[in-house]
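A.B. asks: Listed below, chain by chain, are the residues.
Number of protein chains: 2
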Amino acid sequence: MTTAGPGRPRLTKPRRPGPTAQAEILDAAAELFTTKGFASTSTRQIAEVVGMRQASLYHHFATKDDILAALLRKTVSAPLELATRLTERTEPAAVRLSALILFDSGQLVSGRWNLGALYLLPELRTERFAHFRRERQLLRERYSTLARAVLTQLGSSETACAGLPFRIVETVINDRSDGEGGEPVDLGPEAPQLLADAGLRVLGWTDVESLRSPAGMLLDDVAAEA
Amino acid sequence: MTTAGPGRPRLTKPRRPGPTAQAEILDAAAELFTTKGFASTSTRQIAEVVGMRQASLYHHFATKDDILAALLRKTVSAPLELATRLTERTEPAAVRLSALILFDSGQLVSGRWNLGALYLLPELRTERFAHFRRERQLLRERYSTLARAVLTQLGSSETACAGLPFRIVETVINDRSDGEGGEPVDLGPEAPQLLADAGLRVLGWTDVESLRSPAGMLLDDVAAEA
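One line per chain: the protein sequences are A and B, in this order.
Sequential numbering of the first sequence, starting at 359, is according to this note's numbering.
Sequential numbering of the second sequence, starting at 359, is according to this note's numbering.
You may find that some hints are simply not true.
Claimed, not checked - Pairs of lysine-lysine, PhoX-like flavour, derived with a Cα cap of 25 Å:
#, chain 1, residue 1, chain 2, residue 2
1, B, K394, B, K432
2, A, K432, A, K394
3, B, K394, A, K422
4, A, K371, A, K422
5, B, K422, A, K394
6, B, K394, A, K394
7, B, K422, B, K394
8, B, K422, B, K432
The hints are simulated quantities; they were obtained by calculation from the structure and are not laboratory data.
Modelling step: build the complete structure from the supplied sequences, incorporating the hints.
C.D. replies: And the structure:
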């Protein structure tokens, strides 16, 4: 069988999940980066795990940094797009923030590999990853803007906590890292709702139950629009 | 001048902070591990940065893993000791949990290097670090026990959130990692109090102000005892 995408037809049966050779490479790299470490993984090893020649891998990604950049982009682009759409909505800020946390923590908890663990790599501080860092900072600002709107609605003058909801979503990463094979330890399958509740509670919002249904509906609505 | 500890007298003036050659090695390794990466750092480079011969470094630490283990132990031993002392205290669970968060996040935010970023290293999953992982799991359980006691006091049946206060303390690590040179981005100098408030709020405790003074007094009291 052959795979879709720009590469040459594969001589062997795909060993990794994914509709294209590129997706297979990303899956293999994600496993190696999160279980062996980024610095300890070579493009040769990635090619081996995928079952392709190193030369074929270079056809899709020129460097190991390019593979890492593609993996990181996947984790931030969808929540950033949602956050941008949410700025145009008229629902209360608390509902919009809940929806964003539900979606973002949902993808971090359900991804096959715990890619968020790569956020702490010192390698990301180089110019090569400046674009990713800017996107992630933009996402952090979107969270913060929504959080401040919630605080205003609550009549709260404590704005220092506005950075917490974004950080609370990231706790999924540490929780998965402590588990066997990237399974969550403490948070369990209800993690997204738990974190949406927590993200609002840290701002001083107490009636989190009332947000659950409208936040879910808002997410469905925005997804249908996309 | 000579330094304390078991090593040979140093021929050069210390380049790194710390009362002993061992402390200097740990400081240099902490910088390299958190800014260049663990896998990308060699013991030769650590020795160079300290300004000692590699052979002298081996006198203090036989392997790079031993250096990492010593650094990690420092981050968990003090909060674990405090958590153990707190189990014997009679103050309300909410006050004890606040005190633990204040102390633990305080040390994570004020450490010269962002050592918590090393928690996500895949290398920590090996047998060499089993002791560290057990200690950290014990600390996580102490947090969880206090959190469940708070939930019981609140009459809450939602126990899934009992794992959150521990995770909220760890948000300091991601926040520092996103800053320049390990400075916090969002949390600011009031991080410990902010996180103590947040850790209680996620459990549904609303009057966090009332805990601030007793939690601070409890910390002082336990510190005086030690």
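A.B. asks: K422 of chain B and K432 of chain B: Cα distance at most 25 Å?
C.D. replies: Holds, at roughly 16 Å.
A.B. asks: Hint check: K371 of chain A vs K422 of chain A, CA-CA at most 25 Å. Holds or violated?
C.D. replies: Between K371 of chain A and K422 of chain A the Cα gap is close to 24 Å, so the pair holds against 25 Å.
A.B. asks: Does K422 of chain B pair with K394 of chain B here, judged by a C-alpha cut-off of 25 Å?
C.D. replies: Holds - the C-alpha atoms of K394 of chain B and K422 of chain B are around 14 Å apart, at most 25 Å.
A.B. asks: Taken at face value, is the distance from the CA of K394 of chain A to the CA of K432 of chain A at most 25 Å?
C.D. replies: With Cα atoms ~20 Å apart, K432 of chain A and K394 of chain A stay inside 25 Å; holds.
A.B. asks: Would you mind confirming whether the straight-line C-alpha gap from K394 of chain B to K394 of chain A stays at or under 25 Å?
C.D. replies: The given pair, whose Cα atoms are some 17 Å apart, holds under the 25 Å limit.
A.B. asks: Between K422 of chain B and K394 of chain A, is the straight-line Cα distance small enough, at 25 Å or below?
C.D. replies: holds, 17 Å
A.B. asks: Would you mind confirming whether the straight-line C-alpha gap from K394 of chain B to K432 of chain B stays at or under 25 Å?
C.D. replies: Holds, at roughly 20 Å.
A.B. asks: Taking 25 Å as the top limit, are the C-alpha atoms of K394 of chain B and K422 of chain A close enough?
C.D. replies: holds, 17 Å
Checked against the numbered hints above, the structure breaks none of them.
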